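Peer 1: All chains should be modelled from the sequences, with the hints used to inform the complete structure.
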Amino acid sequence: MSSGLIISGMACAGFTDEGPWPLPELVFDSSHAAMKASGVTKSDIDLSIVASYDLDDGYAFSNGASTPAAAGYMSSSYRVTDDFGVALIGASSAIKAGDADVVLVVGVNPLQSADLKKQFLHDELVSNYSFDPVLFRSVWTTSSILMAMHASKAIANGLTTQERLAQIASDEINRGRRHGRSARTVQVTPQDVLSSQLVSSPLTQLMLPATIGGAVAMVLVSDRFNAKNQRARLVSYGASCGAHVLSNEWLTEPESAVREAANLAYSRAGITDVAGQIDIVELTAASPALVDPFTEALGASGVSREKICKFGGVRSCFPRAANGGVRLLDAVEALELIGKKGGQAVVHSMGNLTGPASATHSVHIVELI
Amino acid sequence: MTASNIQSVPTSITVRWELEFNLKLGEVNSRFLEGLREKRLLGTKSKSGDWVYVPPKLFCERTMEPCEEWVEVSGNGIVDCCSVVYISPGEKETPFAFGMIHLEGANGLMMHHLGGADPDAFRPGTEVEIVWADNCVGSFSDIKYFRPRTK
Amino acid sequence: MAGAFIAGVGMTKAIASHKQTRSELELCREAAWSALEHAGTNPSSVEAVVVGHIDGLNGTNVGGRQVATQLLFGNVPVFVVSCGGQTGASLPFVASQLVRSGDYASVLCLGPPTFDGIVNFQKTIDMITAGISPDLGLGAVHIGSIFGAAYIQKHGLNSEIFAHVASKARRHALRNHLAQIREPLTFEQIMATPVISETLTLGMVCPVSSSAVALLVTTEERAKRLNNPLVEIRAINTKTDSASEGTRTDMSHFGGLRDLAQEIYRKSEITDPRNQLDVIEVFTPYAPFELMHCEALGLCEEGKGIELLLSGATSAEGDLPVNVSGGALCSNAGVAAELAPFGYVALQLMGQGIGWQIKGARRGLAHSMGSSLFMGHALGLLELKGELST
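Protein chains in written order, with this note's numbering: chain A, 1 to 369; chain B, 1001 to 1151; chain C, 2001 to 2390.
I should point out that these hints are in silico values taken from the structure, not numbers from a laboratory.
What you are looking at is a predicted structure, and each value in this text was computed from that prediction instead of being measured.
Treat each hint with caution, since some may be false.
[To be verified] Derived list of chain C stretches under chain A, where covered just means 3 residues or more per stretch with a C-beta under 8 Å from a C-beta of chain A: (1) 2066-2075; (2) 2078-2091; (3) 2226-2239; (4) 2243-2257; (5) 2366-2379.
[What the hints assert, rightly or not] Some chain C residues near chain B, calculated using beta-carbon distances under 10 Å: (6) Gly2059; (7) Lys2123; (8) Thr2199.
[Claimed, not checked] Partial selection, computed: residues in chain A whose CB lies under 7 Å from chain B: (9) Pro20; (10) Trp21; (11) Pro22; (12) Glu25; (13) Phe28; (14) Lys42; (15) Gly58; (16) Pro68; (17) Ala71; (18) Tyr73; (19) Gln112; (20) Ser113; (21) Leu125; (22) Tyr129; (23) Pro133.
Heads up, the beta-carbon is just placed ideally off N, CA and C, and yes, glycines get one too.
Peer 2: Okay, here's the thing in structure tokens:
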């Protein structure tokens, strides 16, 4: 795989407690800032890809509102209703196909309520509406419920305990709490996690992703385009989709798609020794019971804990469609902290509308320039 | 067995999405609607000054630069194109006319109702002026319609 | 640079949405599997799926993922694309980039039905501009009519010209067994249908249909090993105008499509589209759009679309047939109908045209458009590579 995919500029908007925001504002602010960071202007951009969900945006056909704000006016554009990581594959392939030299990718989640409890219920409803209406929607299935069933099975099988899940969650929250994008800024103990609102046993509120509003924009350029600023390089990617909910793969082997995506990304990048060659791991484990299986599927079991989700991962910051953008930004910032030129991170992301079922998992390998 | 005894096979189910959205207007829309409440038609100008947007925009779609300067336009304009609606999904009584209006002082078009005359009276080039609702509350319908200009 | 090829086409027969008894999944499965069968391959050869979906018209949020993962392709990645009426033709755009990137040899594009469940279309439409909520009592058809109005008002024409467009579409669809409406309607009959909004009578407006469409897009190497003559996607792209009137100055033409066509012609070495193209399918939910599209595609001067049509050139028997399938005026199942132009044109180039076969067709254009203020256009130039075996 060509290594000529350069992250020239990245920027975000939102990620404070001032939300919700108007959709076009978040998209424009992040896009404008990413273009500035990259040193490109509107006319340089060959393709704009937006990742967002209409029901999160609060608009029907929300691409009408978001596309021009992502520099898409009179330009090539499309929108995916999926995670940023999926949109990034689209961007990579456009460059590799020779169709584009400069692509702007934006993921956005404007939030609908400043009240996080209300927002949580909104997200749960959206999740329910994302399931098949006959078998699953009518019995109020949500992604949280799927993950709770997975976690309870893992506990019953002696693979983990509720206390261990609480420990994982509190470690992540505490690791991320001082970070600027974190939605959870207060230090917590495992006991705090256990005694937070039980959502669907054994999972409590603080074990679930910390939904937050914001947008992440990235200017991805080819090495044909002589970008003024170069921050990181996308080395390779892999993608795979979780099987449909009826298959029960989400229950018995939710990590299967992660493994397939990771193996593809590693083989394309020539990575054979993950613990030796990878400096940072970012993953999207919407339940703490998925952290170990996903880490193992990424081949990162031998990687020390503090290198995994350096800033708390989704337990600190989960901006839904923009998730892949934040995971990548977290990874790049973590690599910059280490400061090693050529340092590499593996970034796994996915949407969480229906848990791991029917979700396209993307794994990107990113390298510091 | 009579036909009425046979339970028909289910062929569809009714589902409904019940979601509330608390859509934020943002500063630009808020100021625009506030202007309407005061019977003022406001817009924004692109950074390079070559485009005035009414209704206002936060940024210029052509250049991706922010629009920071506010302008007020008179509400006089010219019909660019128009149509008369006979079948409408809304509650407005048909037939009614609507059109794209080129407002004096703005570069693009604005869509709104045309009224104060027979719906068939409007043509491209018809000079129109804004008519405000009796009670302006800060909504797009504070603009009642555009009518043929009398002066 | 490697090319992308359309190796298989699958389409279900369009029927009125309210009469549809089959589910979205059943329709998609039929379309997907017939595309694979047409190509001479099976589900295990599919390496990625690009599916279109419009939330709020479809009743399952991002439900394209649910459909795609029930078609036995295994854990292949699914890309859900959603950009209003631009969605359908954006699917082969995304698929062709995935294929030409070298990462995927075989990508299935899936266009599901869009209108099968929606009870109140307008409620969804009203959510488009929910930001400042100008509830003007206007739906998509009225926006369509204002384009038609701007067009005739600018060129000093009469809305009767649009009846000719609709009448031609009806005549073409007579032979298309996949079309929903297969009844002829004369110019006079179309003019006698109720006026919805000035310039548009009911006979000039698309029906609400149900069908599914699938395309298999592959590398050249893969296509060569399959059943059909080689149809290459020579060039394909999208172009997005503004969703706001405030950025537009003229509704009488589709400037985005005009610019897009020039780019597509440049990339595929077309210098004289009127003479170098053999067949065209443009997305025409409202009759005025066909004339505006023909002009934007550079087939004639602005305002002369009706002269081109009345000359017979764009009829099935003419030298540059447009919408031989009958197009969206005879079947509009949303995303499926926006993808269908690629299917119909590919079949023409393969010598397997449905209903009519354009003799010696080597190059064709396929197009879809839509979303807020019809801002988005997607256009592809397809070309037969090599000769048809006899």
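Peer 1: Work down the list of hints and note, for each, if the structure agrees.
Peer 2: We went through each hint and held it up to the structure:
| no. | hint | in the structure |
| --- | --- | --- |
| 1 | 2066-2075 | holds (count 5) |
| 2 | 2078-2091 | holds (count 9) |
| 3 | 2226-2239 | holds (count 3) |
| 4 | 2243-2257 | holds (count 5) |
| 5 | 2366-2379 | holds (count 5) |
| 6 | Gly2059 | holds (5 Å) |
| 7 | Lys2123 | holds (9 Å) |
| 8 | Thr2199 | holds (6 Å) |
| 9 | Pro20 | holds (5 Å) |
| 10 | Trp21 | holds (6 Å) |
| 11 | Pro22 | holds (4 Å) |
| 12 | Glu25 | holds (5 Å) |
| 13 | Phe28 | holds (5 Å) |
| 14 | Lys42 | holds (4 Å) |
| 15 | Gly58 | holds (4 Å) |
| 16 | Pro68 | holds (4 Å) |
| 17 | Ala71 | holds (5 Å) |
| 18 | Tyr73 | holds (4 Å) |
| 19 | Gln112 | holds (5 Å) |
| 20 | Ser113 | holds (6 Å) |
| 21 | Leu125 | holds (6 Å) |
| 22 | Tyr129 | holds (6 Å) |
| 23 | Pro133 | holds (5 Å) |
Comparing the model with each earlier hint shows no violations; every hint is respected.
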